[in-house]
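J.: Residues per chain are reported as follows:
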Amino acid sequence: MQVEIQINNSPLASARFVTWSPAPCRVRMTDASGATAPTTMIDLTCAAGSTGKVRFSNASSGPFANGLTLPVPTSGASVAFFVAGKFGSPSTALDDVTVEAKSAGTSVGSVNLTVRIRKDANTLTPAERDRFLGAMGTINNRGAGRFVDFRDMHDGRADREMHAGPGFLAWHRAYLLDLERALQVIDASVTIPYWRFDKPAPNVFTADFMGDTDPLGTVRFSAGHAFEFWTTDGMMGIDRNPRFNTAVQGAGVISEAATLALGATFATFRQMELDPHGSAHVSFNGFIDNPATAPKDPLFFLLHANVDRLWAKWQRKNSLFESTKAAAFYVAPGGNRIGHNLGDTMWPWNGVTTPPRPTTPPPGGGMAVSPFLNDPWIGPAPAVENMFDYRGTVAARNQLGFDYDDVQA
Amino acid sequence: MTNKAALAIAGNAERKAADRVKAIESTEAVSYEIADLDSLAALVVDTKAAASVRRAALHQLLLAQFANPMFSKWRRKFISALVKLMDDPTPEFAEAALGQLVKLKVPAAQTKLLSILRSSDKTPISAAKALQLLRYDVHTDAYPIARELADDPAIDDRTRQAALRLLAADPEAADLFEKLLKSKEEAPEVRRVCAAALNNLKPKAYQKFAQASVLDEHENNAVRAQSLMALATLGDSELLASNEQLTDKVKELRAGAPPAVKKAARLYLEKISDVV
Numbered sequence: 000m001q002v003e004i005q006i007n008n009s010p011l012a013s014a015r016f017v018t019w020s021p022a023p024c025r026v027r028m029t030d031a032s033g034a035t036a037p038t039t040m041i042d043l044t045c046a047a048g049s050t051g052k053v054r055f056s057n058a059s060s061g062p063f064a065n066g067l068t069l070p071v072p073t074s075g076a077s078v079a080f081f082v083a084g085k086f087g088s089p090s091t092a093l094d095d096v097t098v099e100a101k102s103a104g105t106s107v108g109s110v111n112l113t114v115r116i117r118k119d120a121n122t123l124t125p126a127e128r129d130r131f132l133g134a135m136g137t138i139n140n141r142g143a144g145r146f147v148d149f150r151d152m153h154d155g156r157a158d159r160e161m162h163a164g165p166g167f168l169a170w171h172r173a174y175l176l177d178l179e180r181a182l183q184v185i186d187a188s189v190t191i192p193y194w195r196f197d198k199p200a201p202n203v204f205t206a207d208f209m210g211d212t213d214p215l216g217t218v219r220f221s222a223g224h225a226f227e228f229w230t231t232d233g234m235m236g237i238d239r240n241p242r243f244n245t246a247v248q249g250a251g252v253i254s255e256a257a258t259l260a261l262g263a264t265f266a267t268f269r270q271m272e273l274d275p276h277g278s279a280h281v282s283f284n285g286f287i288d289n290p291a292t293a294p295k296d297p298l299f300f301l302l303h304a305n306v307d308r309l310w311a312k313w314q315r316k317n318s319l320f321e322s323t324k325a326a327a328f329y330v331a332p333g334g335n336r337i338g339h340n341l342g343d344t345m346w347p348w349n350g351v352t353t354p355p356r357p358t359t360p361p362p363g364g365g366m367a368v369s370p371f372l373n374d375p376w377i378g379p380a381p382a383v384e385n386m387f388d389y390r391g392t393v394a395a396r397n398q399l400g401f402d403y404d405d406v407q408a
Numbered sequence: 000m001t002n003k004a005a006l007a008i009a010g011n012a013e014r015k016a017a018d019r020v021k022a023i024e025s026t027e028a029v030s031y032e033i034a035d036l037d038s039l040a041a042l043v044v045d046t047k048a049a050a051s052v053r054r055a056a057l058h059q060l061l062l063a064q065f066a067n068p069m070f071s072k073w074r075r076k077f078i079s080a081l082v083k084l085m086d087d088p089t090p091e092f093a094e095a096a097l098g099q100l101v102k103l104k105v106p107a108a109q110t111k112l113l114s115i116l117r118s119s120d121k122t123p124i125s126a127a128k129a130l131q132l133l134r135y136d137v138h139t140d141a142y143p144i145a146r147e148l149a150d151d152p153a154i155d156d157r158t159r160q161a162a163l164r165l166l167a168a169d170p171e172a173a174d175l176f177e178k179l180l181k182s183k184e185e186a187p188e189v190r191r192v193c194a195a196a197l198n199n200l201k202p203k204a205y206q207k208f209a210q211a212s213v214l215d216e217h218e219n220n221a222v223r224a225q226s227l228m229a230l231a232t233l234g235d236s237e238l239l240a241s242n243e244q245l246t247d248k249v250k251e252l253r254a255g256a257p258p259a260v261k262k263a264a265r266l267y268l269e270k271i272s273d274v275v
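Residue numbers (numbering that gives the first Met the number 0), protein chains in the order written: chain A, 0 to 408; chain B, 0 to 275.
Simulated from the structure, these hints should not be mistaken for lab results.
Glycine included, each C-beta is placed from N, C-alpha and C at the ideal position.
Where hints are given, some of them may not hold.
[Unchecked claim] Distance windows between CB atoms, simulated:
id : chain 1 : residue 1 : chain 2 : residue 2 : range
1  : A       : 214       : B       : 46        : 25 to 31 Å
2  : B       : 24        : A       : 143       : 39 to 45 Å
3  : A       : 330       : B       : 8         : 31 to 37 Å
4  : A       : 143       : B       : 241       : 22 to 28 Å
5  : A       : 334       : B       : 16        : 42 to 48 Å
6  : A       : 233       : B       : 174       : 15 to 21 Å
7  : B       : 255       : A       : 122       : 29 to 35 Å
[As the list claims (entries may be wrong)] Taking beta-carbon pairs under 10 Å as the criterion, some of the chain A residues facing chain B (in silico):
id : residue
8  : 162
9  : 215
10 : 217
11 : 224
12 : 280
13 : 281
14 : 289
15 : 290
16 : 291
Please work from the sequences and hints to get the whole structure.
T.: Right, here's the structure in full:
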């Protein structure tokens with residue numbers, strides 16, 4: 000007897016990634032030999048030895064459990080179920096979770112998947128860290144790779160699309176996800192880690208990770224590091240001089256608790272763009288302290304992953320995943336400027352290069368190469384409002400396919 | 000206290016510096032109006048004010064770049080203040096101004112940095128710093144002086160490395176980098192900078208060097224680890240997989256070499272195993 004298990008209702012390996020949110024799955028009999036009835040009870044569990052863990056349910060809401068028993072027809076018809084990553088047990092490598100199907104104690108099928116979650120950069124395993132660095136080094140490709148697009152998306156010409164407006168968080172969420180999907184084309188196990196900037200992160204600012212700094216403010220990497228060839232704008236290397244002691248201090252920002260307490264409405268919470276976000280940027284002297292050059296430093300993406308995580312935590316704390324709720328967003332009297340209203344599509348992904356949007360061509364020549372836009376949840380021209388329900392809490396179809404290690408479902 | 004009230008305290012030269020700093024730090028950068036930004040800029044360029052006051056004002060302006068909706072309209076005035084600041088008698092502020100101006104690609108900063116390099120007088124920033132900042136908007140008129148400094152046997156290591164990093168954008172410097180990279184007399188740190196530069200300017204030449212360095216029993220381990228990583232992440236997998244001598248050597252290194260070399264060897268073998 001054999002069964003086939005599909006994660007995210009797809010036979011493809013590229014679909015075998017889950018977060019803390021329920022993912023639709025199905026199981027069907029592919030070989031009914033030995034079956035003695037029209038249905039066979041199949042037990043689904045996470046196999047022993049799996050590093051990441053998942054939990055099961057036959058519904059997308061309600062309690063999830065360590066195992067699930069389903070009646071599966073011998074006809075080959077599929078039976079639906081759901082898996083979700085078990086909070087606190089993300090994967091540490093590709094396919095390190097095995098979902099096993101058994102019939103009367105005998106294994107009849109299995110599938111490997113990954114509980115793919117964004118993690119605290121300071122606590123990554125060396126292998127996780129190196130995979131992230133390797134993917135970033137490859138996408139940079141000594142300045143000749145696709146990273147050029149990500150650098151060009153965030154320069155002075157487009158500043159008004161992404162800063163100093165209510166769309167700031169949504170735009171950067173999309174930006175991070177776009178880069179993350181591009182990194183996952185190189186290494187499917189990779190997520191962008193976050194730099195928890197209100198706490199010391201001694202493991203981040205080392206020559207083996209994001210680099211330490213010489214007295215001139217040139218970042219140094221260990222021999223064989225993936226960033227030894229990092230180049231942006233034809234300029235080799237990274238300039239970054241901390242204004243704080245990275246070994247024992249956090250950056251000069253308000254604490255996470257203070258950030259989450261900025262207010263229960265977006266109108267007040269969005270002050271976080273100044274502090275901690277802006278404060279984290281200017282806690283260094285170097286590329287990262289000016290919006291025009293900030294993404295030249297790969298630390299930028301770890302900084303913004305934490306900014307996004309803070310928004311995610313705030314959303315969860317206040318149950319504000321629905322963009323249309325008044326407290327979830329801010330609309331100025333008379334409306335927000337373009338790019339900062341819920342229904343506005345976001346440059347550059349919308350391909351609009353006529354005023355009042357930036358007139359620079361969209362990176363990649365029309366964005367055809369961006370895997371981010373092929374995600375079923377994103378579509379060809381994501382709008383600000385598409386970035387809110389990132390876990391599919393309001394509607395499963397809204398899921399963006401990422402989560403944080405310490406933001407519970 | 001409103002921003003206006005706080006900045007009135009900050010702008011009052013009769014007040015103690017600590018009070019003025021506290022007032023500046025109490026302001027909300029996100030809600031500055033144009034007049035507030037003007038007040039802060041005036042403080043930054045005020046050479047009579049205490050350094051702590053000027054520093055606090057500059058910090059608020061840097062913050063405002065990220066979150067203040069008026070800032071983009073006001074940016075030209077910011078640039079004017081910075082241009083004034085780059086001639087400040089206090090090196091800290093001259094350097095801060097130049098650091099921001101190069102990011103904004105203001106031509107006056109380039110001119111100033113070149114004059115610093117050519118000057119025999121005491122300058123507000125070091126030659127190494129000037130070379131570092133010139134990289135942001137490199138123009139060919141910086142290359143001759145960078146080359147002179149890179150060739151000067153009396154120059155300190157930091158300045159020399161900064162000169163080499165600037166020259167990494169000069170296609171004419173490829174041969175220099177190849178020569179320095181191949182020279183085992185050079186410090187490994189210098190050779191690694193040259194490796195990155197050569198990889199930018201003449202990637203095929205670098206890949207050839209990288210393969211040779213892996214096979215070289217007398218090569219420095221840091222240079223070897225860098226070479227292996229370059230081949231693993233940026234090399235042509237199929238071409239590398241067909242080089243049996245190289246593959247055998249890398250297997251040997253994976254089994255017994257210093258940690259950085261071993262790790263890079265493992266990545267290299269993973270890469271070519273996708274092809275084999």
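J.: Work down the list of hints and note, for each, if the structure agrees.
T.: Okay, the hints, checked on the actual structure:
1. A:214 <-> B:46: 25 to 31 Å: holds, 26 Å
2. B:24 <-> A:143: 39 to 45 Å: Between residue 24 of chain B and residue 143 of chain A, where Cβ atoms are some 44 Å apart, the hint holds.
3. A:330 <-> B:8: 31 to 37 Å: Check passed, 35 Å falls within 31 to 37 Å.
4. A:143 <-> B:241: 22 to 28 Å: holds, 24 Å
5. A:334 <-> B:16: 42 to 48 Å: About 44 Å separates the Cβ atoms of residue 334 of chain A and residue 16 of chain B, which means 42 to 48 Å holds.
6. A:233 <-> B:174: 15 to 21 Å: holds, 19 Å
7. B:255 <-> A:122: 29 to 35 Å: holds, 31 Å
8. 162: holds, 6 Å
9. 215: With a closest approach of 6 Å, the residue 215 of chain A hint holds.
10. 217: Where the cut-off is 10 Å and the nearest Cβ of chain B is about 7 Å from residue 217 of chain A, the hint holds.
11. 224: holds, 7 Å
12. 280: Holds, because the Cβ-Cβ distance from residue 280 of chain A to chain B comes to roughly 6 Å (cut-off 10 Å).
13. 281: For residue 281 of chain A, the interface hint holds, since the closest Cβ of chain B sits about 5 Å away, which is under 10 Å.
14. 289: Nearest chain B Cβ about 4 Å off; hint holds.
15. 290: Since the shortest Cβ distance to chain B is 6 Å, the answer is holds.
16. 291: Cβ of residue 291 of chain A sits 5 Å from chain B, so the hint holds.
Comparing the model with each earlier hint shows no violations; every hint is respected.
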